[in-house]
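Assemble the complex: chain A is given as a structure, and chain B must be docked to it using the hints.
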Amino acid sequence: MGRYIVKRLLQTIPLMLVISIFVFMFIHLLPGDPARTLAGVEATPEEVEAIREEFGLNDPLIVQYIDYMKDLFRGDMGRSLKSNIPVTELILSRFKFTIQLVFAGLIWAPVVGIFIGVICAIKRGTWIDLGGMLFAITGLSAPGFWLGLMGIQIFSVNLGWLPSGGLDSWKSLILPSIVMGTGIMATLARYSRSSMLETLREDYVRTARAKGQKESIVMFRHAFKNSLIQVVTILGLQIGGLLSGSVITETIFSIPGMGRLLVDSIAYRDYPTIQGLLMIFALQYVLINLIVDVLYGVINPKIRYD
Amino acid sequence: MSNTQNQNEQLQNNLSFEENYIDENIIADKSSKTKEFIKKFMKRKTAVVAFVVMVFLLIIAIAGPSLAPYDPAAYDYDNLLAGPSAEHWFGTDQFGRDIFSRILAGAPLTLGVSLSSVIVGAALGTVLGLLAGYYGGWLEMLVMRGADVLFSFPDILLAIAIVAILGPGIVNVFIAVAVFTVPSFARIMRSATLAVKNSLYVEVARSLGCKDGRLLFVHIFPGTIQSLIVNFTMRIGSAIMAASSLSFLGFGANVTDPEWGAMLSQSRSYLTTAPHMVYLPGLVIFVTVLAFNLFGDGLRDTLDPKIK
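As given, the protein sequences belong to chains A and B, one line each in that order. Each residue of the first sequence is one higher than the one before, counting from 28 in my numbering. Each residue of the second sequence is one higher than the one before, counting from 36 in my numbering.
Excised from the complex, chain A in its bound form (with noise of 0.2 Å):
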């Protein structure tokens, strides 16, 4: 187990490094004079030389990218634009806004996903079937924006049972988890539905059926223990999309998390900060990915052997 951990950690390092050069080189990429873009459109020249000088941007770009990487293992990701604050620290800030919300939605999008896929799969050719794949499939067309705003209209215009936005009580989190899972849990729905079915036609449930076992034990220790395998590989994927899925919630309801700050960022050319974001959002979702691996390397020891 040790060296399975090991061994995907060591696989994680390149990635990371290819990652960075393609957020170091962001800025390179944009049209135009770095130094120019950083300083700020009504900068004078004497400013953005102090910028070239400042950044470096006269070196070689392998020199650059070396102090940039020095720069970030020390935790210092430059100085934002729009408030001179240091990009760390504003990610910092808008961190714990965030991750409330992504947990928000995992609270409760993958139990009902995970329940509505192997109930399909149990009465598979039914009504409820039909019934709950259409359901998840509804959920994973609507769009988050078009979900959010209508929960908005419904549930505190008209209803005025929830706040509209801000994250200042339990409440306040209910609409934004519905955004924000939705397209979890029809996700989950499907592939945990496909993944039982695919269970059920093994040998092995085969076998404890015809050695008399009952069927709710059939169903639940021997398939969907087994589908569970696939699903939490989807489950980590789904996690990245959250992510994402929270600059659309965050604009919706104006929370100040990380989605909104990059959505500002990019307004303003906010480089440093859009940067720091990337940079962010990629690890987030890199070591997501990671712990999802090794957990499924826990469930699953057929994995550890390769």
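None of the hints are false.
In silico contact screen, one side only, chain A against chain B (beta carbon under 7 Å); selected entries: (1) I46; (2) F172; (3) W173; (4) Q180; (5) S271; (6) F308.
Here are the computed lysine-lysine pairs in the DSS-like style, where the Cα-Cα straight-line distance is at most 30 Å: (7) A:K252 - A:K238; (8) A:K150 - B:K75; (9) A:K123 - A:K97; (10) A:K252 - A:K241; (11) A:K34 - A:K252; (12) A:K252 - A:K150; (13) A:K109 - A:K123; (14) B:K80 - A:K150; (15) A:K150 - B:K78; (16) B:K74 - A:K150; (17) B:K68 - B:K80; (18) B:K68 - B:K246.
One side only, chain A facing chain B, incomplete, derived with CB under 8 Å: (19) F49; (20) L57; (21) L167; (22) L176; (23) V184; (24) G267; (25) G268; (26) L289; (27) I293; (28) A294; (29) I301.
Calculated from the structure, these hints are not laboratory results. We treat Cβ as the ideally placed atom computed from N, Cα and C, and that holds for glycine.
Leaving out everything else, chain B in the frame of chain A:
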């Protein structure tokens, strides 16, 4: 009483569903593959309905602007934020513009950008995936690691990152969605190529002296086309979603353009006074994405009976 009746009804429905289901597998079709495919596909009623809706939407995208009952850009200050009525089916917006006409006029924009970006992204991803799967080695490593990096910016985050580099605007949304489409095709086509590469008929073609290019595009590519088509229809839904999300965030179409996502972002300020501005354009996006997804599902189930 009604409960038992319901249950009975349900039981009967179940039975008829089962019968249909069994029929489908038993029928041995000797006609051509296309006919067999159409026959199988027609059995999937939701997918057929989705297909009809999809074709209808595509016709609207082509003929939409000329079908619009009003000039989509004409202001009407006597009819600001009016709810749906006989004159204005979907109501009017904050400038009195007819929302139904704007949706029709926006169809070529929203659908055009999404479709063309998926076509371009799919073409690029397919070629990369085919080459990676066929040649292997450093090329495969490069393509797959590249896909990994792009996948590290999940979902629309990648599109947002690209718009951040290129700046807002509808052309950049097109580029962003195209790039966002490439990695998924590259991955899927690579594994499809790997699966076909070692099959007997490719072996035979090679032993007959087929050149790499011919082998790849004449022999291997048709073998992967099922995965391509299924992924293609599935990605259109996500592309529409991504493009309208970008416009909703203000990175896409101009706020004055009748792009569907942009219309919704405008409607936010009128949630209390004119909720129809939220409901109807959103409903159109939803129905469009749903149609493409349902059609994709039907296609997948028909082409690949393994997953049901």
